[in-house]
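Make the full structure from the sequences, and use the hints.
There are 2 protein chains.
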Amino acid sequence: MSETFPKPPESSRPTMIDVAKRAGVGLGTVSRVVNGGAGVRAETASRVRVAIDELGFQRNEVARALRPGKKSSSLALVLGDLTNPFYASIAKASLEVAGQSGFAVVLGSVDEDPEGEKRAIQELVGRQVAGLMIVPDQGDHSFLTGAGVPVVFVDRPAHGIEADIVMVDNEGGGRLATEHLLGQGHRRIAILLAPSYYTTGRRLRGYRRAHRSAGLDVDESLVVQLPEGTAEAAEKATSELMHRPDPPTAVFASTNFVAEGVLRALRETDRQPAVVGFDDFRMADMLPIPVTVVASDTAELGRTAARLLLDRAANADTRPPQRIVLPCALITRGSGERPPFR
Amino acid sequence: MSETFPKPPESSRPTMIDVAKRAGVGLGTVSRVVNGGAGVRAETASRVRVAIDELGFQRNEVARALRPGKKSSSLALVLGDLTNPFYASIAKASLEVAGQSGFAVVLGSVDEDPEGEKRAIQELVGRQVAGLMIVPDQGDHSFLTGAGVPVVFVDRPAHGIEADIVMVDNEGGGRLATEHLLGQGHRRIAILLAPSYYTTGRRLRGYRRAHRSAGLDVDESLVVQLPEGTAEAAEKATSELMHRPDPPTAVFASTNFVAEGVLRALRETDRQPAVVGFDDFRMADMLPIPVTVVASDTAELGRTAARLLLDRAANADTRPPQRIVLPCALITRGSGERPPFR
Chain A
1 MSETFPKPPE SSRPTMIDVA KRAGVGLGTV SRVVNGGAGV RAETASRVRV
51 AIDELGFQRN EVARALRPGK KSSSLALVLG DLTNPFYASI AKASLEVAGQ
101 SGFAVVLGSV DEDPEGEKRA IQELVGRQVA GLMIVPDQGD HSFLTGAGVP
151 VVFVDRPAHG IEADIVMVDN EGGGRLATEH LLGQGHRRIA ILLAPSYYTT
201 GRRLRGYRRA HRSAGLDVDE SLVVQLPEGT AEAAEKATSE LMHRPDPPTA
251 VFASTNFVAE GVLRALRETD RQPAVVGFDD FRMADMLPIP VTVVASDTAE
301 LGRTAARLLL DRAANADTRP PQRIVLPCAL ITRGSGERPP FR
Chain B
1 MSETFPKPPE SSRPTMIDVA KRAGVGLGTV SRVVNGGAGV RAETASRVRV
51 AIDELGFQRN EVARALRPGK KSSSLALVLG DLTNPFYASI AKASLEVAGQ
101 SGFAVVLGSV DEDPEGEKRA IQELVGRQVA GLMIVPDQGD HSFLTGAGVP
151 VVFVDRPAHG IEADIVMVDN EGGGRLATEH LLGQGHRRIA ILLAPSYYTT
201 GRRLRGYRRA HRSAGLDVDE SLVVQLPEGT AEAAEKATSE LMHRPDPPTA
251 VFASTNFVAE GVLRALRETD RQPAVVGFDD FRMADMLPIP VTVVASDTAE
301 LGRTAARLLL DRAANADTRP PQRIVLPCAL ITRGSGERPP FR
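Going line by line, the protein sequences match chains A and B.
The letter at position 121 of the first sequence is residue 121 when you use full-length UniProt numbering, and the numbering goes up by one with no holes.
The letter at position 222 of the second sequence is residue 222 when you use full-length UniProt numbering, and the numbering goes up by one with no holes.
Treat the hints as calculated values from the structure; they're not laboratory data.
Treat the hints with care, as some may be off.
Repeated chains share a single entry, so a pair holds when one copy, or any two copies, can fit it.
Stated by the list, open to error - Taking lysine to aspartate or glutamate pairs in the EDC-like style, the calculated list, with each CA pair at most 20 Å apart, reads: (1) Lys21 x Glu115; (2) Lys236 x Asp246; (3) Lys21 x Glu162; (4) Lys236 x Asp270; (5) Lys236 x Asp285; (6) Lys21 x Asp140; (7) Lys236 x Glu268; (8) Lys21 x Asp53; (9) Lys21 x Glu54.
Keep in mind the model is a prediction, meaning the values are calculated, not measured.
Next up, the structure:
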């Protein structure tokens with residue numbers, strides 16, 4: 001990745017707020033003066049101009065900061081439920097990077113609802129943002145072709161459009177988790193999949209490849225497609241699994257919420273399978289059996305996407321659409337190291 | 001609170017995306033046609049207009065959605081670290097309410113850094129938002145007087161400006177937590193305070209009042225001001241407390257991160273004090289000793305603030321600045337119900 005985006009502003013640089021304070025007026029007045037002075041008394045306007053000069057402000061710098069609807073001043077970020085720490089971490093990191101370059105971020109949080117996503121994108125394109133970062137749903141995104149601004153997809157690619165994508169190595173992570181469990185002698189490993197997003201599909205592929213490499217068949221009854229990606233759905237499915245005559249001795253939970261549901265269910269079962277989750281979560285190390293996970297740097301996902309989008313928006317990066325894949329790592333804490341029961 | 005804000009759009013209503021699809025063009029082309037048609041071939045423009053008519057679109061509705069820099073189409077939200085679930089929950093809820101009224105939200109997440117907060121607010125005012133929701137830091141906010149748009153503070157009031165504030169009953173919650181511990185015979189209750197924000201000050205006041213009502217003096221050596229509001233700082237302080245000759249038999253943790261740090265420290269100590277946290281958190285019920293907390297509806301905090309701001313922006317609410325206080329409730333799970341040790 002190139003590193004051509006502008007430097008962050010120094011925090012000691014005087015701000016518009018300092019101008020307002022020194023002139024003894026409100027921000028709105030500073031704004032009006034800089035934009036021509038309509039509706040401001042001559043004496044007040046003069047005080048504002050003096051304050052601007054005294055503070056060594058470039059007046060056009062203020063004007064630029066104040067110009068409404070300026071095409072290049074905001075990025076849009078469209079993603080799922082912000083109370084999912086995975087999304088919150090992406091949002092936080094991309095805001096930081098955008099802010100360092102003087103860009104605000106307009107947020108659309110859409111709770112994985114395709115209609116909501118479309119409406120949010122439409123609204124944001126209408127707001128003349130300089131670029132879009134989208135954690136896409138499964139629908140067709142060809143409508144974005146010709147949106148007139150660069151688009152970077154985060155976490156998963158979209159259908160119907162060629163654009164940059166920043167994601168994690170889902171297949172590698174799925175393989176890592178499964179090999180870890182196979183290595184400890186597990187032969188009946190269930191995988192619980194949140195609804196068929198791209199990511200969980202790739203994690204399943206890694207699970208299958210690990211089996212194949214070990215010369216083992218996958219028992220398809222242990223590949224469980226959840227009706228939704230909630231802890232509740234995972235809890236119910238895990239209870240059912242563990243009450244089968246021949247339950248799995250290990251469970252690979254394909255997301256953080258799925259892992260939570262698996263662990264909730266296991267509080268009520270006699271047999272305790274090994275558990276590996278995908279994506280780390282707060283308190284994972286504090287649970288009665290600390291939780292082993294495959295994790296990636298989700299903040300880096302947000303940072304990389306924001307940097308790439310800023311470069312695209314500034315025409316500083318004119319390569320064809322890129323596919324940037326961040327690695328996963330295994331964090332062993334206990335739950336994934338239980339031996340198989342009989 | 002009045003309920004005069006506009007109805008959410010029906011999801012079956014055709015969108016600009018449907019227009020683009022039907023006309024076989026990109027969103028950018030639809031935008032250009034609606035805004036006058038510059039740079040679009042006549043035949044293409046005609047196809048877009050036909051699509052708009054066929055879909056029963058009000059053309060000025062599209063135009064409105066597309067007009068850049070329109071003053072009334074965005075709210076700004078300025079708050080702390082989004083990976084703190086407390087802030088994420090406020091952000092999610094206020095985005096939902098704003099979205100239902102066709103407003104986007106421009107986000108400034110500033111990690112409780114006063115300079116960062118000022119810069120973010122300046123940037124956002126310059127973007128001509130219809131109003132500001134701010135979780136303020138401790139600095140002076142008089143610079144916002146005359147910003148020309150309504151301001152609603154969330155979670156804590158700001159200094160130097162009269163404006164709406166939506167918050168929780170911090171003092172009542174602090175009292176509730178302390179009375180709960182006193183009621184079980186605890187007489188040495190430590191309180192761990194994140195740096196002196198308004199909220200923890202009020203929680204401390206509730207702690208003192210509960211003692212006074214019970215006719216008890218507060219041992220000031222048990223009132224611990226943390227150097228920062230992190231789990232790490234709370235962990236260190238808790239270790240020190242529990243290694244004193246006369247340790248507390250109960251700990252009141254003033255925030256979710258402080259509670260995490262307290263619980264981390266207690267994994268290493270022999271004596272186990274009762275623990276009550278402030279604000280609920282994911283997995284609180286899954287820990288080895290499920291965690292008792294005083295909690296409020298943080299999503300309701302975000303919703304109420306967004307509704308009030310929309311009403312103010314639409315001049316639908318012209319009352320003097322309001323102070324809306326949401327209640328706290330005690331959720332008992334185990335950690336707060338341990339009896340005092342000797």
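Hints, one by one, checked against the model:
no., hint, in the structure
1, Lys21 x Glu115, "between (45 Å within a copy, 15 Å between copies)"
2, Lys236 x Asp246, "within (17 Å within a copy, 47 Å between copies)"
3, Lys21 x Glu162, "between (49 Å within a copy, 17 Å between copies)"
4, Lys236 x Asp270, "within (16 Å within a copy, 37 Å between copies)"
5, Lys236 x Asp285, "between (24 Å within a copy, 18 Å between copies)"
6, Lys21 x Asp140, "between (50 Å within a copy, 11 Å between copies)"
7, Lys236 x Glu268, "within (11 Å within a copy, 35 Å between copies)"
8, Lys21 x Asp53, "within (14 Å within a copy, 52 Å between copies)"
9, Lys21 x Glu54, "within (12 Å within a copy, 54 Å between copies)"
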